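Protein chains: 2
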Amino acid sequence: MKIPHFIHVKEVGPRDGLQNEKQFISTDKKIEWINLLSSSGLSYIEVTSFVHQKWIPALADAMEVAKGIKRKEGVTYAALVPNRIGLERALEADMDEVSIFMSATETHNLKNINKSIDETFPILDEVIKDAIASGKKVRGYVSTVFGCPYEGAVPIERVKRIADRLFSMGIYELSLGDTIGIANPVQMNQVLMELLKSLPPTSIALHLHDTRGMSLANTLVGLSNGISTFDSSCGGLGGCPYAKGASGNIASEDFIYMLDAMGCETEIDFEKLLRASRYIQSLFSKSLPSHQLGLNVKGG
Amino acid sequence: MKIPHFIHVKEVGPRDGLQNEKQFISTDKKIEWINLLSSSGLSYIEVTSFVHQKWIPALADAMEVAKGIKRKEGVTYAALVPNRIGLERALEADMDEVSIFMSATETHNLKNINKSIDETFPILDEVIKDAIASGKKVRGYVSTVFGCPYEGAVPIERVKRIADRLFSMGIYELSLGDTIGIANPVQMNQVLMELLKSLPPTSIALHLHDTRGMSLANTLVGLSNGISTFDSSCGGLGGCPYAKGASGNIASEDFIYMLDAMGCETEIDFEKLLRASRYIQSLFSKSLPSHQLGLNVKGG
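Going line by line, the protein sequences match chains X and Z.
Residue 567 in the working numbering sits at position 48 of the first sequence; the count goes up by one each step and never skips.
Residue 595 in the working numbering sits at position 76 of the second sequence; the count goes up by one each step and never skips.
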């Protein structure tokens with residue numbers, strides 16, 4: 520089985536995880552959690568989202584969180600930005616890099632950012648150019664790549680068009696979102712083989728949800744295609760507030776357990792990561808979807 | 520991606536699923552559940568286990584269940600038997616075929632059937648020969664193939680030795696059990712590649728647990744190696760009473776959803792299977808681990 524040896528895990532729990540939770544986690548607890556995450560050896564943490572708090576009240580304290588966390592050397596602290604205003608706030612908070620996002624389908628894009636796909640491009644173009652001019656790298660997200668809750672199947676051509684457009688604007692990496700966790704391994708293989716005809720595997724990341732239990736199977740297909748960057752969420756928190764049944768990012772500890780077992784390198788300390796997962800689970804009045812959290816029930 | 524087109528799904532919920540549950544499901548409800556399972560298009564159902572009721576009280580009504588179910592044409596109704604006495608009961612119940620079982624590790628074998636591995640062979644030899652003499656096919660299970668809760672890693676040579684011995688005794692198929700759900704895809708590939716040097720893929724089945732969320736990833740590796748027979752459990756019920764943390768067979772509906780999506784054929788009606796899962800879930804005072812059950816919450 521030929522798979523990359525070093526795997527880059529991008530932790531999105533503090534942003535994608537929290538944004539779909541109704542319960543507000545207080546600013547100091549968010550900060551403590553992110554500090555636990557960085558102490559586990561994670562080298563990339565998406566800390567928050569600078570969208571208007573009207574849209575994501577769970578992240579209304581984005582600025583306080585971003586300014587309050589302890590910056591560990593070697594860790595990239597990123598934030599999601601929807602537009603120029605968001606970017607300005609991210610720059611004020613001195614984020615190391617920013618992420619922009621859009622959907623592969625019109626309906627999801629409209630519900631998510633209130634614009635058509637073609638109306639979205641110029642806004643992102645401006646954000647990307649300004650971010651780069653300010654010395655920041657920009658990562659792109661495209662959601663509903665493998666299926667849309669409103670439109671169903673998504674033609675690969677649409678994803679290719681968006682990918683080409685965003686890369687030409689200056690993003691360094693595109694994260695392909697399986698927003699509703701509906702991708703299957705055969706489809707994952709087809710989509711990746713098609714995209715990798717024109718893009719290097721190092722430019723592609725996978726952002727998978729475990730809604731139907733297929734996220735690690737799809738991860739394996741990604742690895743077999745040479746993909747070495749994956750998004751995951753501590754505890755398996757996460758989802759999309761605009762897509763019903765989209766809950767549950769792939770749990771960082773389930774993913775890292777599998778990578779460790781397969782002999783891959785992540786430089787992440789599994790036990791320390793589990794400590795961060797136990798911490799965030801303790802703040803919610805429910806069990807999180809992570810398998811490893813369920814297995815490792817003792818405190819720490 | 521080269522995988523077999525037709526997949527044989529062997530439903531083990533009524534045996535492996537129920538045997539690890541503390542709650543006793545009444546005989547008439549077990550029968551109703553099994554009848555729902557057979558109506559879904561499943562062609563193989565392991566109905567019960569003819570072990571002494573002292574060991575598995577949840578299946579104390581094995582004979583009543585086996586005799587009470589409606590036999591649908593084309594469905595193979597099987598039962599687990601530990602010894603001659605169990606076989607006699609299975610024959611009395613007119614099971615279509617029987618399964619025998621042992622572990623790949625001494626400690627688990629001892630805890631599970633109170634004998635060493637070498638002491639187990641002659642007992643199974645007698646059961647297999649008698650079953651075949653009575654016109655019944657015999658399936659073999661070997662558990663802890665990918666890791667043991669007591670002994671840790673399991674040398675592949677031990678599995679090969681047991682496989683060779685059981686096939687020479689007359690079993691037609693060996694189901695490799697990942698009893699504690701600890702197999703990883705790289706290991707799965709190594710084990711299968713080694714076993715398939717001397718055995719045809721049609722003689723091997725996989726019996727996976729989703730304890731760590733890796734069961735569908737491991738299934739994919741099995742499919743890629745040409746394996747076309749898999750055990751699964753309606754609702755994701757199941758486990759092993761002698762292995763802590765072993766709960767959760769791969770859920771039949773999660774598995775079949777993925778197979779359908781990948782274009783494989785099983786001849787199983789997903790909606791009807793889900794109905795059987797909803798039924799058994801309604802009898803337990805808890806949510807079962809199946810992802811599809813969680814997604815398809817409406818009754819039916």
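Misleading hints may appear alongside valid ones.
It does not matter which identical chain is meant; a pair holds if it fits inside one copy or across any two.
As the list claims (entries may be wrong) - Distance condition first, Cα-Cα at most 27 Å in a straight line; then the derived BS3-like pairs of lysine-lysine:
| # | residue 1 | residue 2 |
| --- | --- | --- |
| 1 | Lys634 | Lys655 |
| 2 | Lys591 | Lys548 |
| 3 | Lys716 | Lys521 |
| 4 | Lys589 | Lys634 |
| 5 | Lys548 | Lys648 |
| 6 | Lys648 | Lys586 |
| 7 | Lys541 | Lys679 |
FYI, nobody ran anything at the bench for these hints, they're computed from the structure.
Nothing here was measured: the structure is a model prediction, and the numbers come from that model.
Structure-based check of each hint:
With identical chains, the CA atoms of Lys634 and Lys655 are at most 27 Å apart within one copy only, with a shortest distance of 25 Å there and 65 Å across copies. Only within a single protomer do Lys591 and Lys548 lie at most 27 Å apart by alpha-carbon distance; the minimum there is 18 Å, versus 58 Å between protomers. Taking identical chains as interchangeable, the C-alpha atoms of Lys716 and Lys521 lie at most 27 Å apart whether they share a chain (19 Å) or sit on different chains (20 Å). When the C-alpha separation of Lys589 and Lys634 is checked against a cutoff of 27 Å, the pair qualifies neither within a copy, at 36 Å, nor between copies, at 57 Å.
Neither within a single protomer nor between protomers do Lys548 and Lys648 lie at most 27 Å apart by alpha-carbon distance, with minima of 34 Å and 65 Å respectively. In this homomeric assembly, Lys648 and Lys586 come within 27 Å of each other (Cα to Cα) only inside a single copy, at 24 Å, whereas the closest approach across copies is 73 Å. In this assembly of identical chains, the alpha carbons of Lys541 and Lys679 never lie at most 27 Å apart, being 34 Å within a copy and 52 Å across copies at closest.
When each numbered hint is compared with the structure, violations occur for hints 4, 5 and 7.
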